[in-house]
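Protein sequence lines, in the order shown, are assigned to chains A and B. Residue 747 is where the first sequence starts when you use this note's numbering, and the numbers rise one by one after that. Residue 410 is where the second sequence starts when you use this note's numbering, and the numbers rise one by one after that.
Simulated from the structure, these hints should not be mistaken for lab results. Please note that a few of the clues may not be correct.
[What the hints assert, rightly or not] Below, a list of computed lysine to any residue pairs in the SDA-like style, where the Cα atoms sit at most 20 Å apart: (1) A:LYS786 x B:VAL623; (2) A:LYS771 x B:LEU662; (3) A:LYS797 x B:SER720; (4) A:LYS771 x B:SER453; (5) A:LYS818 x B:GLY562.
Note that the structure is predicted; figures quoted are calculated from it, not measured.
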Amino acid sequence: MDWDQFDLSPKIIAALKKADIKSVKEVLNLSGADLQRLMKLSSADIQCLLKTVSHTLRRNSMLTALQLYQDKNHFTSQHQKLSLGCSVLDNLLKGGIPVVGITELAGESSAGKTQIGLQLCLCVQYPYKYGGLESGAVYICTEDVFPSKRLQQLIDQQHKLRADVPAEIIQKIRFGNSIFVEQAADLDTFQQCISRRLSLLLARGMARLVVIDSLAALFRCEFGPAQSALKARYLQTFGAQLHSLSTRFRTPIMCINQVTDAVSESEAAQCSCRVEGSRVTPALGITWSNQLLMRLMVSRVSLPGHPPGAASHCAGSTRTLSVIFAPHLPPSFCYYTVQLEGVKGIK
Amino acid sequence: MQREVGTLPLAPALRARLAAAGFQTAQELLDTGPCGLSKEIGISREEALEALQVVRQECHGDAARPAGGSGATRKCTALELLEEEQTQGFIITFCSALDNILGGGVQLTKITELCGAPGVGKTQLCMQLAVDVQIPECFGGVAGEAVFIDTEGSFMVDRVVDIAAACVQHCHLIAEAQPEEDLRKALETFSLENILSHIYYFRCRDYTELLAQVYLLPEFLSEHSKVRLVVIDGIAFPFRHDFEDLSLRTRLLNGLAQQLIIIANDHKAAVVLTNQMTTRIGQSQSTLVPALGESWGHAATVRLIFHWDNSQRLATLYKSPSQKESTIAYHITSHGFRDVQPPAVTHSTEGAEPNPRKRPRTEEEKQ
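With these hints in hand, go ahead and build the complete structure from the sequences.
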């Protein structure tokens, strides 16, 4: 750490070097009294050091809420959201997925989570004007093979799904080129993937969406109930790393999660599951919920005449997308179907 | 000038050295001067200068106050404190049930901690308070400004706009019902843009940035003297990962709490912190408890725990020096934090409108 670049008196700089304090973090981790003892300076000098160091770290960091509200810059504005490609779904989310933060999509199997994930990977590549972020996507698979055939189907049908976008713009986008698929079947590979490959791709601006399908699969087999503390530590570390990447590169992170049965009434009520006949709660517990900005749940609606739980193979089976919690949205839901061209909401 | 060295407000180690070197009165210290002092007892020149400054202040204070007593600490009677406390402002939350159990609202000069599971409404209440602190005095507010320190990135300005618009609307309705000149004048400056421009937003991405920001807060609050609310949303998030050494975390949190208490007192501001919940595994079942450990529980003066009961949101006052423990229900509407139903007029109020500054009578008296 080059202390000379700070606006400090030479006496303080000499004391810092002598006490072998190497970073701003070390300075702030020590209390005022500890610093006095270590550096043998008076308390006035220590206060001066702390203030200067804090100023340098937090230079120009204040914004008023009015400035946030009036910010129209595509890259920094809070109003910029990632569209889902369907106006009904976007209306439910008041624009789409927020660009900074971890959004979770939980639901039973075959409810449509992967479909929404794939659709987002295509939506992110559109220009800002059409709700995209003009960049690619990283898709991290943890259990199944990446559904490339389905992706190809969706790419071929984009003109049908996105009728609002002129055909020449759709044709110009090379969808397949900008989707980076990573396989991470265990925790260590996942850790490597996040800390190395992901930060590289995001730093180069090649991707502005990360879809993780699914996080629960990594934890299902390896952790018994006795190792809950270790599991919690992993979850907190992953959550913090993803959060930090999302903030630094203003990239939405969509985590697909599975559900488990809710053991008690209160657990089910906590995630406000209004789906009839099902008492499910997202997996990974409160440790993971604490890392999230927004939680969405999808489920199949059992149609009258079909026995509940029977997988309905007709193409138009209805599903619900509900907002469980979000700082800017009320709890609400809407219906959608999975068509050939993608996920479309029903008014 | 004849003050004994042992009665001066110096560090005990320093006092011991002075006694060992043979100094007995303050006058002797002042006569020796800093260089002589530092040579005699073996401290640095800066420390000697500081010590002498303290001694000089003490003697000056003594001369000016013949009644005696240390100048460094403030002396006042409990009656004065009571009067001060009763004129203390509260920041209302627009949920009258919550205001009632808090004794009027979120109290200035105290640290209030909001704990709860994700999605229960902590950030909503913080945004509500950042708007409510700005309500003009003639409407029952404290006419202050707000500092919002965000560590999780959950501050959505669109939501604040909704809450602020509803608050302005509410005040307009009051002004229409009671046509008084000062109400109308106050409304001229109480507009959406004005409210948004007085919420100062800081985004801290890890605990080092948070610590640095809190070191800079006293200066910021001196420059912006109208700030009456400091929100840190949330305090747990940056401290719950990345800490191999938990004792370091406890030390940093304690230091943070001390600084916040000083800030709350010196600048007459309310400090509101939000905390996460974590699972504590007991003998036969697991319960949700506030995160950051047992010692953190002592940091806040008032602790509110938010939780669910089936689909009703509840708030429990868990810790308060003056109010009893109670639970109320609340709603979060598109306008913000609200009661579950319109507040019933209780027979314990005097006058037309319950005065939010009076503490509600306890139930035991009636029975």
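Do the hints match the structure? See the list:
no.	hint	result
1	A:LYS786 x B:VAL623	violated (24 Å)
2	A:LYS771 x B:LEU662	holds (15 Å)
3	A:LYS797 x B:SER720	violated (47 Å)
4	A:LYS771 x B:SER453	violated (27 Å)
5	A:LYS818 x B:GLY562	holds (18 Å)
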